[in-house]
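> Letter by letter, the chains look like this.
2 protein chains.
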Amino acid sequence: MIEPSFTVGLLQMACVGNKQANLDKAAGLVHEAAARGAQVVCLQELFSSEYFCQREDSKYFDLAEPIPGPITNQFSDVAAQLEVVLVVPVFERRAPGVYHNAVVVIDADGQLLGHYRKTHIPDDPLYQEKFYFTPGDLGYPVFNTRFARISPLICWDQWFPEAARLSSLGGAELLVYPSAIGWHPAERFTKGKSQHDAWLTMQRSHAIANGVFVATTNRVGHEGPEGAGLDFWGQSFVCDPAGQILIRGSVDDEEVLLAKCHRGLIEQQRREWPFLRDRRIDSYGDLARRIRDEPDDIVSKSRTPE
Amino acid sequence: MIEPSFTVGLLQMACVGNKQANLDKAAGLVHEAAARGAQVVCLQELFSSEYFCQREDSKYFDLAEPIPGPITNQFSDVAAQLEVVLVVPVFERRAPGVYHNAVVVIDADGQLLGHYRKTHIPDDPLYQEKFYFTPGDLGYPVFNTRFARISPLICWDQWFPEAARLSSLGGAELLVYPSAIGWHPAERFTKGKSQHDAWLTMQRSHAIANGVFVATTNRVGHEGPEGAGLDFWGQSFVCDPAGQILIRGSVDDEEVLLAKCHRGLIEQQRREWPFLRDRRIDSYGDLARRIRDEPDDIVSKSRTPE
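Top to bottom, those sequences are chains Z and F.
Residues in the first sequence are numbered consecutively from 0, following numbering that gives the first Met the number 0.
Residues in the second sequence are numbered consecutively from 0, following numbering that gives the first Met the number 0.
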């Protein structure tokens, strides 16, 4: 039987250098979320460590572990005990020299349903992820869990409408974006508002374009040298299929956020604004191109006097 | 020589049943925009008539005209006289029984560079466009005008990230969405805020995802029976490549809006957030599918006790 709603719990926490301390803190917050009624609990990107991608150092590959491994073992037990679905990021060691930024979906009986590997890998100052993470090769899976059909994506993926669309076409009711994003302290008070606004706008747009719920977790706290490093901006949130925010976390505080998602809103939204009916799939071939810059693509050249 | 900026002018007006009156009002507003410094002036979707798609009646096909035709002749003269680029919607008569919702781009010397035909056609109560408009078959052209590289899209296209992406990949600096969208009076005070917010959010997301300027025109005024019909919501706007609003019109008033677009912001935004570098074009094949619902697409089935 399909229930009329499912309740999402988001963990928002600061992370430290001690792996087991992070795992235990997260496990404690999962217990809190479950006690408050959460059925699907989402952890943060790379929550088992500090965000080490601020610099390139091969010693950090020691943080990776296989799937299944210690993290999935611990959280599989938690999921089974509490009968909650868990979305658990793992820095995955796949083979020597091949590591992924991954996320495991664990069903409410503790079973590992599978995992997703981050598809779009950033590489910017303080987010040097191309050094660490081989781009994902598992496509855009949708996991049919006990409480909801979930498609996990990860952080930088959130800027790509293609990813949200493919997950939604796969039947996802909820897109989950475990994240680790923050401000450079030097930019926080100049570009900070615009950056956060763009981030929120993009993800709300995925909900609207696809008629799905979107849930995003993000860490809090400062990591790195004082005045440098990253101020993680928190503000984990859930929005509904119309893009309206259901719950939103603070900038700085550790907290557990809950949102009840009425799945009837998916059908309602898609009936009122039936975008999926009207996609012109016959016209989308060039989305698989890097850029449209062949001579044939230039349909009109102005003959200006200059 | 490429100038560091271009100035966009948006016309926001109410439309009436008399075609020539609409054309002359628009021409007058183009003069005003040019006098105030606009270089690229954008008109509204189907501005030469009331929004007749509120009902299905074949008599309205009489409103269509060929391209080139009376509308393009009049505005080609205006463009040449004022040396402005014009983005001019036309209800296009292509052949008996084949009509398009189109938009012509006229260069600052009066030359017709070409046109675009609305690709995504809505059909909802009071927006019965599938009766009138054959879906466009001209792809997503980019027009290299004297002042900017422009890609026109039309209204319902604004809900489809695919269209914005394809236009941007074609080199557009500015996406233009001539629109005719409003509230059902019965919904205006219940769903109105959320609907407009979704509309604005989607279009701002196209600017962010692609690092381009976005300009949207929309009509004002009520059309149809009192208490029914449509309250067009105006609020024409321009946003920059970070999705920040540069100018935004009122809900109800006729006005000419101007925004100066510094094209350096396109490069800056794309350097800071290089999404186009990181698109995973190898993983986008399924975007050309209607839905991912074949047995192979279901990657994980939960074995729940129910």
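Derived from the structure by calculation, the hints contain no laboratory data.
Don't be surprised by glycine CBs; every beta carbon is placed ideally from N, CA and C.
A few of these clues could be false.
[Claimed, not checked] For lysine-lysine, the following BS3-like pairs were computed, each having C-alpha atoms within a straight-line distance of at most 30 Å:
#1 F:LYS24 with F:LYS129
#2 F:LYS259 with F:LYS129
#3 Z:LYS192 with F:LYS18
#4 Z:LYS58 with Z:LYS192
#5 Z:LYS259 with F:LYS190
#6 F:LYS18 with Z:LYS190
#7 F:LYS18 with F:LYS58
#8 Z:LYS192 with Z:LYS129
#9 F:LYS58 with F:LYS24
#10 F:LYS58 with F:LYS129
#11 Z:LYS259 with F:LYS192
#12 Z:LYS192 with F:LYS129
#13 F:LYS259 with F:LYS192
#14 Z:LYS24 with Z:LYS129
#15 Z:LYS129 with Z:LYS190
#16 Z:LYS190 with F:LYS259
#17 F:LYS190 with F:LYS129
#18 F:LYS58 with F:LYS259
#19 Z:LYS18 with Z:LYS58
#20 Z:LYS58 with Z:LYS259
#21 F:LYS58 with Z:LYS192
[What the hints assert, rightly or not] Calculated from the model, a selection of chain Z residues having no Cβ within reach of chain F, i.e. all distances over 12 Å:
#22 PRO160
#23 PRO240
#24 GLU266
#25 ASP285
> For the pair supplied as a hint, LYS24 (chain Z) and LYS129 (chain Z), is the alpha-carbon distance within the 30 Å limit?
With a Cα-Cα distance of about 28 Å, the restraint between LYS24 (chain Z) and LYS129 (chain Z) holds, given a limit of 30 Å.
> LYS18 (chain F) and LYS58 (chain F) were given as a pair; does the straight-line alpha-carbon distance stay at or below 30 Å?
holds (15 Å)
> For a C-alpha distance cap of 30 Å, please report whether LYS58 (chain Z) and LYS192 (chain Z) respect it.
Violated, at about 34 Å.
> If we take the beta carbon of ASP285 (chain Z), is the closest beta carbon in chain F still more than 12 Å away?
violated (6 Å)
> Is it true that the CA of LYS18 (chain F) sits at most 30 Å from the CA of LYS190 (chain Z)?
Measuring from Cα to Cα gives roughly 47 Å; hence the hint is violated.
> Take the C-alpha atoms of LYS259 (chain Z) and LYS190 (chain F), compute the straight-line distance between them, and say whether it is at most 30 Å.
holds (20 Å)
> In terms of Cβ atoms, is chain F entirely out of 12 Å range of PRO240 (chain Z)?
Given a closest Cβ separation of 10 Å, the condition is violated.
> Given the hint that LYS190 (chain Z) pairs with LYS259 (chain F), does the C-alpha gap stay at or below 30 Å?
Judged against 30 Å, a Cα distance of about 20 Å means the pair holds.
> Holds or violated: are the alpha carbons of LYS58 (chain F) and LYS192 (chain Z) at most 30 Å from each other?
violated (51 Å)
> Is it true that the CA of LYS192 (chain Z) sits at most 30 Å from the CA of LYS18 (chain F)?
Given that 30 Å is the threshold and the Cα spacing comes to 45 Å, the pair is violated.
> Does the alpha-carbon distance linking LYS18 (chain Z) and LYS58 (chain Z) stay inside the 30 Å limit?
Holds, because 15 Å separates the two Cα atoms, which is no more than 30 Å.
> Is it correct that the beta-carbon of GLU266 (chain Z) has no partner in chain F closer than or equal to 12 Å?
Answer for GLU266 (chain Z): holds, closest chain F Cβ roughly 14 Å.
Checked against the numbered hints above, the structure violates hints 2, 3, 4, 6, 12, 18, 20, 21, 22, 23, 25; every other hint is satisfied.
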